[in-house]
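Engineer: Going line by line, the protein sequences match chains U and Y. Here this note's numbering is used: the first residue of the first sequence is 1, the next is one more, and so on. Here this note's numbering is used: the first residue of the second sequence is 1, the next is one more, and so on.
Hints are computed from structural coordinates only; laboratory data are not their basis. Computed from a predicted structure; not experimentally measured. Careful, some of the hints might be misleading.
[To be verified] Computed from the model, here is a short list of chain Y residues facing chain U with C-beta under 7 Å:
no., residue
1, P22
2, Y54
3, R76
4, A83
5, L100
[To be verified] Going by beta-carbon spacing under 7 Å, a handful of chain Y positions derived as facing chain U:
no., residue
6, G12
7, D60
8, R86
9, L87
10, F92
11, F94
12, E102
13, R114
14, K115
[What the hints assert, rightly or not] Over the 10 Å line for every Cβ pair with chain U, so calculated as not near, a few chain Y residues:
no., residue
15, S50
16, E88
17, D146
18, R181
19, A183
Using N, Cα and C, we set each Cβ at its ideal position, and we do this for glycine too.
So the chains spell out like this:
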Amino acid sequence: MALPLSVDIAVTHLMGRRRQTIVSVLGVALGVGFFIAVAALMQGFQTYFRETIIDVSPHVVVEDEFRNPPRQPVQALYAGGAVELRGLKPEEERRGIRNARAMVEALRRMPGVTVAPTLSGQVVLRYGGVDEAASLVGIEPEQEQRVTTLAKDMEAGSLDRLNTTANGIVLGRELAKKLGAKLGDSLLAVTAAGVTRRVTVEGIFHTGIQNLDEGVAYMLLKRAQVLQDRINVVNQVRLRLADPDQAPAVAQRVEARFRYKAESWQETNQNIFQIFTVQNAIMYSIVGAILIVAAFGIFNVISTVIYEKTRDIAILKSMGLTEGDIRRIFLVEGIIAGAIGAVMGWAVGYGLTEVLASIRFDFSDDPSENRFHLSYSLLHYMLGGGFALVAAGLAAYLPARRAARLNPVEIVRGAA
Amino acid sequence: MGAGEPVLEARGVTRVLSGAIPVTLVEGIDLSIGRGEFAAITGPSGSGKSSLLYLLGLLDTPTSGSVLVEGEDTSRLTPADLARVRLEKLGFVFQFHFLLPEFTALDNVLIPMRKLARLSDREMRTRAQSLLVQLDLGDHARKRPDQLSGGQRQRVAIARALANEPRVVLADEPTGNLDSRNAQLVFDTFRDLAHRTGTTVVTVTHDEHLAAQTDRRVLLVDGKLVGSTEAAHPA
Ligand SMILES: Nc1ncnc2c1ncn2[C@@H]1O[C@H](COP(=O)(O)OP(=O)(O)OP(=O)(O)O)[C@@H](O)[C@H]1O
Ligand SMILES: [Mg+2]
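Sequences are here, hints too, so could you generate the full structure?
Structural biologist: Printed below as a string of structure tokens:
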């Protein structure tokens, strides 16, 4: 008799409709279980993706361009006036970041920020009759290492060798593969500036990010400047932050101060994060749909119980139980079904996640890419359980309210 | 007979069911039943006996007039307040026993006490058990209703009505489903209850023989009170 009266009665009702109750509980369990497994899968992938980006690429990139085209002197003179200029010619060539050295120094003084200046431009690499266009990024290896994980991502050769070889180049794995080039091979590099140089492959890297692996090559900053015929020019300053979540704020401050466009990693990958948002919305809708079906199950059981138990309801009310008491009985029934379903769903979810975790693919020779990246989050369990309880509570509420309003006189009259 | 202060009073109670054709269940009932009184409501079928009992028991509310319990006018009370009065002061017995089928006899008797929650679990159990013993059901406390006879079920229902020591027990043809021996047992119990504990008992019956055993007979015809006789009170 430790149970409160309403719970006691609720339990006997559910026990009296055991099969129907079990079916509805299983519905909830499936909903919660799928939610947990799918959430682990999607969140796991998204987190893996995010972390890879945070790891591999700079957190903020300052480039030699402006978000809004610079104002012409006339417009400054007649501020707010109706001035329109026609026939403006775009600049022939982007000039690079003016006074980049001072900017790098200033950025370096910001707390939690490491900085690396680079020059990036296009290059065509030729090897054995194969031409491949790529982004050529001129770096200072010591500084670049502190800003990206390039040094760690080297599969063959090393970044440091750029310092010792006269015209060393480091290629992404896919790029090297397309060219058919291996470590130590000598390629021809041609730029739009009309400069041609022989370069030696001193390293091959693999980041896991396709764009980098198949489209980027690194050289020493000085060499790249020569190749691009832009001596002393820096057109990209890369920042790494102690706290990557601060990137948008830092980017904004940098842009406000130096005027150059500063792009956070979040902005750079906006499209992908938008896709993630859509994915999540789809997941939540599907799980929501499953739970609605489960909620119908609960609605059904409770409606049936109420139909069967009108006499009990009538006598309980005549004894002095209030509408609230009656409502509580049936709400508790829903909550019990929901809670049992949620707990079973946790088990189902955990089991499914384990199954997913044990699956292996044959996509690549990197073992970390041949399995699902799963995230085991307590939040998913709480959310799944919370959804289940809310759905069950709502499903129970409607019939419970009807039961509470039953008029005992009508029932007592009818039950002679 | 003036068996003490009025416990249950009806003042001009009228109940009309609204609808396309309004139905008058009872009309202009004035009635006062005292403490410890054992009263029978009698009358032909359809005369409004049950309707009056539900009104007196606060299960239904009058269209006009008012019902007073221990002098308190109940016409202004909210449904929750009315439920409280029923819980604390009234007990019901119907023709059908209305026991919860999954609960044992003891657990059925415990329900009103658990709702009231004035006693400890142990005290409730002791009281419920002793009520069952009083009703000669001492050996049947652990049985579920389907394991009891009709007469036993009705006695469990009476024990349940008595659980919270009500001021008034209201019964609607409590013997309607019983044989004459069991019916007599129920009436003996009621009389005993009224005369020994001062509990007021109002029962609807159309059994003349049984009605004759009460202190007072209220006669209804066509929803109107046509006579209220006082039977000789066996002091
Ligand atoms: N919901 C209702 N709708 C229409 N008429 C009703 C309704 N309830 C009761 N009545 C009518 O009201 C009258 C009084 O009914 P009530 O049940 O109080 O009579 P009763 O004296 O208890 O009869 P019985 O001895 O047969 O139990 C009857 O004529 C009945 O048909
Ligand atoms: Mg009747």
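Engineer: Any CB of chain U closer than 7 Å to the CB of A83 (chain Y)?
Structural biologist: holds (5 Å)
Engineer: Interface hint check: L100 (chain Y), Cβ to nearest Cβ on chain U, cutoff 7 Å. Holds or violated?
Structural biologist: This interface hint holds because 5 Å falls under the 7 Å limit.
Engineer: Minimum Cβ separation between D146 (chain Y) and chain U greater than 10 Å?
Structural biologist: holds (13 Å)
Engineer: The output says S50 (chain Y) does not contact chain U. Does that hold with a beta carbon cutoff of 10 Å?
Structural biologist: violated (7 Å)
Engineer: Minimum Cβ separation between E88 (chain Y) and chain U greater than 10 Å?
Structural biologist: Non-interface label fails for E88 (chain Y): nearest chain U Cβ at 7 Å, not farther than 10 Å.
Engineer: The hint names P22 (chain Y) as touching chain U; please verify it with the least Cβ-Cβ distance against 7 Å.
Structural biologist: Nearest chain U Cβ about 17 Å off; hint violated.
Engineer: Mind verifying the non-interface call on A183 (chain Y)? Its CB should be farther than 10 Å from each CB in chain U.
Structural biologist: holds (16 Å)
Engineer: Does L87 (chain Y) pass the interface check with chain U, least Cβ-Cβ distance below 7 Å?
Structural biologist: holds (3 Å)
Engineer: Please check whether F92 (chain Y) passes as an interface residue: C-beta within 7 Å of a C-beta belonging to chain U.
Structural biologist: Holds: closest Cβ of chain U sits about 5 Å from F92 (chain Y), inside 7 Å.
Engineer: Checking hints one by one. Is Y54 (chain Y) an interface residue toward chain U, by the C-beta closer than 7 Å rule?
Structural biologist: holds (5 Å)
Engineer: So, R114 (chain Y) near chain U? Judge it on the closest CB pair being under 7 Å.
Structural biologist: holds (5 Å)
Engineer: Taking 7 Å as the limit, does the beta-carbon of R76 (chain Y) come near enough to a beta-carbon in chain U?
Structural biologist: violated (17 Å)
In terms of the numbered hints stated before, the structure departs from hints 1, 3, 6, 15, 16, listed from lowest to highest.
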